[in-house]
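Novice: One-letter residues, chain by chain:
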Amino acid sequence: MTDDHLLDDQMPFPTPDIVGNPEPRCPCLLLLDTSGSMRGQRIAELNAGLVAFKDELTADAMAAQRVEVGIITFGPVQVQSEFQTPDLWMPPTLRAGGETPMGAAIEQGLKMLDARKQVYKQTGLSYYRPWIFLITDGGPTDAWQSAAALIRAGDNNEKKAFSFFAVGVENAKMDILGQIAVREPLRLKGMRYRDLFSWLSSSLGQVSRSKPSDAVQLNNPVTPSGWATIE
Amino acid sequence: MTAAWRYAYASVAGTSHEKNGSPCQDAGSCRVVETSGGGTVLLAMASDGAGSARRSEEGARLAVALFLDEFGTACRDHGIAAIDRPFILAWLSKLRRKIAARAARAGIRSGDFACTALGAVIADERAVFFQIGDGAIVVSGPHGRGEYDWVFWPQHGEFANTTNFVTQREAARALEIEIRHGPIEEVALFTDGIERLVLDLAGKTAHAPFFRPLFRWLAGTKPPATGETSPALLHYLGSKQVCDRTDDDKTLIMATRRPAPQEQPSAIHAAAAKSASAG
Chain X
8 MTDDHLLDDQ MPFPTPDIVG NPEPRCPCLL LLDTSGSMRG QRIAELNAGL
58 VAFKDELTAD AMAAQRVEVG IITFGPVQVQ SEFQTPDLWM PPTLRAGGET
108 PMGAAIEQGL KMLDARKQVY KQTGLSYYRP WIFLITDGGP TDAWQSAAAL
158 IRAGDNNEKK AFSFFAVGVE NAKMDILGQI AVREPLRLKG MRYRDLFSWL
208 SSSLGQVSRS KPSDAVQLNN PVTPSGWATI E
Chain Z
11 MTAAWRYAYA SVAGTSHEKN GSPCQDAGSC RVVETSGGGT VLLAMASDGA
61 GSARRSEEGA RLAVALFLDE FGTACRDHGI AAIDRPFILA WLSKLRRKIA
111 ARAARAGIRS GDFACTALGA VIADERAVFF QIGDGAIVVS GPHGRGEYDW
161 VFWPQHGEFA NTTNFVTQRE AARALEIEIR HGPIEEVALF TDGIERLVLD
211 LAGKTAHAPF FRPLFRWLAG TKPPATGETS PALLHYLGSK QVCDRTDDDK
261 TLIMATRRPA PQEQPSAIHA AAAKSASAG
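Line order of the protein sequences matches chains X and Z. Using the working numbering, the final residue of the first sequence is 238, and nothing's skipped along the way. Using the working numbering, the final residue of the second sequence is 289, and nothing's skipped along the way.
Incorrect hints may appear among the rest.
Claimed, not checked - Simulated crosslink set (BS3-like; lysine-lysine; CA at most 30 Å straight-line):
(1) K128(X) <-> K196(X)
(2) K214(Z) <-> K124(X)
(3) K167(X) <-> K214(Z)
(4) K214(Z) <-> K118(X)
(5) K167(X) <-> K61(X)
(6) K166(X) <-> K214(Z)
(7) K124(X) <-> K167(X)
(8) K196(X) <-> K180(X)
(9) K128(X) <-> K166(X)
(10) K104(Z) <-> K61(X)
(11) K128(X) <-> K29(Z)
To be verified - Here are some chain Z residues pointing at chain X (derived, C-beta under 8 Å):
(12) H191
(13) P223
(14) L224
(15) K250
(16) Q251
If you're looking for bench data, these hints aren't it; they were derived computationally from the structure. Treat the numbers as computed from the prediction; the structure is a model and nothing was measured. Beta carbons: idealized from backbone N, C-alpha and C, even for Gly.
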């Protein structure tokens, strides 16, 4: 049976031209601690996690077109990747060394995010609420109070400028992370960076698929099989 | 020169809804009413039920039914002059009261019926449009050159996945209303599901190469029986071209009062009529 049998209108139905609009973007900023204490297995696991992150994002058709990854490392503060979609983004090989200027990294990250939003607005790209993901194995060695104030000002139910998540590894100062992030900080179980990035990839995939008013149901990472615990 | 209104509409469930078994949460309808003064008024409304609201398809159907009812009666009795801002606000209040009553009976919240509303009321020399939420209404430009303008840009706020609903607090603040004078010959209303296929988001324009051939097709059809979904639009909205680009519910309503194109393919017309009478 051809399609024509389905149509009982009098004129043949045309195939109209549709717009090749760019996909809306779902920015994800990673703020990664690369201070001296990350040397050895930790930085190696983090690097492997980033490679897996790219693989999983590109394997998800929607995430591959919509998620944009940006990376700032601290120890010292350095932009490793400007915001890019997973196909273009090359996971950097990070090296550990130096202090933990977490406050400065957060402030620079927020500036980088704001600049990206300006580009979206100027080019007519629509976008989702950005995610910021901070991962550290220590505590800030610089002033972090103004960074914390910026996060409180942006990650709340009125402003909703972004969602900020903090993840502590091993000896991270969870109490300070709790004062920086509005959401309860998560503690990574052991060295499960890979599981963390796998979760992050699938969560971003869900966000990038969401429609108006959809409540995005994220998998809870704080389960016996998940990658995180809460203090 | 204008002809009688011909219109077509359809709502089709998104492929993501088919996968998880949820119903089509869009609703839409269109009809022409005769006024007591001897004119005609076209009424069209599309409504998109919120994805996460459990009974939003009911909200959407209620919005459309109440629109046809209230606006239909007013236009029949008093013509389009009856449709002004207070009238639309009264309709919105009534819709919200109905939803609240239904929610109270079911022991749930009004927000569980969350839906958008896009309405068009078009008489010979005057048209009234209104909108809460995303999706858009597109009308033909004034000179019949195959150009199209949107009436309201989709309401999305800062993020792609946020919009307004008739059930939200102070919904009247989100309500946009526009009254246009002069004839409107072609109008299309559509929900968020096909927004990114038919609007150029960077240029902020309606994509004429989408609308032009469809309106031309529509002008060559016969006026439909009231209350009938268009099989052709139903088929198109479920087609690969559309579903490759959107997994959401989608509604498209189109109406024209342009004369049929001159080079109407009469052979095809005759063949279709023949096969219809044979069937």
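Novice: If a hint holds in the structure, say so; if it does not, say that too.
Specialist: Verification of the hints:
With a C-alpha separation of about 39 Å, the suggested pair K128(X) and K196(X) falls outside the 30 Å cut-off, and the hint is violated. Pair hint K214(Z) plus K124(X) holds up; C-alpha atoms about 18 Å apart against a cutoff of 30 Å. Proximity of K167(X) to K214(Z) is assessed by CA-CA distance (about 25 Å); at most 30 Å being required, the pair is judged to hold. Taking the CA atoms of K214(Z) and K118(X), the gap is about 27 Å. The hint holds against a cut of 30 Å.
Simply put, K167(X) and K61(X) have alpha-carbon atoms about 27 Å apart, close enough for the 30 Å limit, and the pair holds. Note on K166(X) and K214(Z): the hinted pairing holds, with a Cα-Cα distance of about 26 Å set against a maximum of 30 Å. Between K124(X) and K167(X) the alpha-carbon distance is near 14 Å, which keeps this suggested pair within the 30 Å criterion. Between K196(X) and K180(X) the CA atoms are separated by roughly 15 Å; this keeps the pair inside 30 Å, and the hint holds.
Restraint check for K128(X) and K166(X): satisfied, since their Cα atoms lie roughly 17 Å apart, inside the 30 Å limit. A threshold of 30 Å between alpha carbons decides the hint, and for K104(Z) with K61(X) the separation of about 51 Å lies outside it, so the pair is violated. With a CA separation close to 33 Å, the supplied pair K128(X) and K29(Z) exceeds the 30 Å bound. The beta carbon of H191(Z) is not positioned within 8 Å of any beta carbon in chain X (closest approach about 30 Å), and the interface hint is therefore violated.
The restraint placing P223(Z) at the interface with chain X holds, with a minimum CB-CB distance near 4 Å, inside the 8 Å limit. A hinted interface residue such as L224(Z) counts as satisfied when its beta carbon comes closer than 8 Å to some beta carbon of chain X; here the least separation is about 5 Å, so the hint holds. For K250(Z), the suggested interface contact is broken, since its CB lies about 11 Å from the closest CB of chain X, more than 8 Å. Taking 8 Å as the C-beta cut-off, the interface hint given for Q251(Z) holds, the closest approach to chain X being about 7 Å.
Checked against the numbered hints above, the structure breaks hints 1, 10, 11, 12, 15 and satisfies the rest.
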